[in-house]
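Student: Listed below are the residues making up each chain.
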Amino acid sequence: MKGSLTVIGFFLLGVLLGYIHCLPEGMLGNDLTSWILYALMFQVGISIGCDKKLKEILHSITPKLLLVPLATIGGTLAFSALAACFLSQWSVWNCLAVGSGFAYYSLSSLLITELLTPKAGPALAAELGTIALMANIMREIMALLLAPLLVRYFGKLAPICAGGATTMDTTLPVITQYAGKELVFVALFHGILVDLSVPFFVSLFCAF
Amino acid sequence: MFTVISIMFVGIAVGFAGKKISFLSYIHQSISVTICCLLFFLGLSVGKNDHLISHLPVLGGQALLLAFLGTLGSVLAGWLVWRYFWKKGGNP
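Same order as they appear, the protein sequences are chains L and Z. Counting along the first sequence from 1, when you hit position 53 you're at 53 in the numbering used here, and nothing is skipped either side. Counting along the second sequence from 1, when you hit position 25 you're at 25 in the numbering used here, and nothing is skipped either side.
You can take every hint at face value.
With a cut-off of at most 25 Å between alpha-carbon atoms, the simulated BS3-like pairs for lysine-lysine come out as follows:
(1) L/K156 <-> L/K181
(2) L/K53 <-> Z/K20
(3) Z/K19 <-> L/K53
(4) L/K64 <-> Z/K87
(5) Z/K20 <-> L/K55
(6) Z/K20 <-> L/K52
Derived by calculation from the structure, the hints in this document are not laboratory data.
Bound-form chain Z, shown alone:
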């Protein structure tokens, strides 16, 4: 956990220090490429795992439940904030 977070902080420092360097503006493209690469590898390990493939409908159902509850929770909390703090007060 700490490895991942500390690497990100080093990145933040590098990005902050090198703000003016123009090639850094291509960082979003290189992030997309890295993500595609990693998801390809994740796909490989999913595909070769027969147990996982046969359980895909079950996993999909679990994912749907998590997605639904997560969205519902945030929507309800957002509704409370809207109702009690935002609606009457006007602009933020």
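Okay, chain L solo, but in the shape it has when bound:
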């Protein structure tokens, strides 16, 4: 939680400094942010590659277990596409790109901003990036706050599916508390798999 607040704090600091125009124009070169994003993706790759848990997790895949991340991904994407009916400003692909953040707000918003800039221009890309940031933060908050209600009305898997990519870290404690300890492994497995899918789906939907 402390980490999330720091991350949002940096974003808000940027907004404030940008708003009062206190930084020179040159500091916003697109090349610079592209290179930092590449550095980020390289590091994300390293963290996946050297993860010792990953091998265990991949060995324990069963069809029944796999249904949980598939439900999260399928359900989220289907209903995110539906959102395009209400948001005339954005295409189905734009809505799908935001939805496929699966509550991983930092990475999804950055990828969307970066990948849409060449096609839609920096202003529109930043706009959808901001929507992605807010939407995915809201999703994490919903998963945290609604966990007990979700378990009661939609079964023990519901808080896991709602938590998306965060079920291996930030939302794990509430899932354990309300869905039960026996679902910790399911939540970890689900979180790792959905987490991995974020860069793929976001870049896929930004390509259209």
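Put chain Z on the given structure of chain L with help from the hints.
Tutor: Relative to chain L, chain Z alone:
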């Protein structure tokens, strides 16, 4: 798109090959620093864009709709999986 994904795959290969190197365990901290840095830049481009700032409530509403529908879709799909595949079958 392919640049981003291929860079990530190179990273996966490097991470896999260098599993035993201890400094790689600091990778999560350096990821957080990079993310903070990039979000700061995203913040800058949001802040200096007056149109975006004045539209922030609208964007917030759109974000809320997307968050709500995305969560609802996943919860409903999770409920179906729970009801038809998990509830009766016992442990995973």
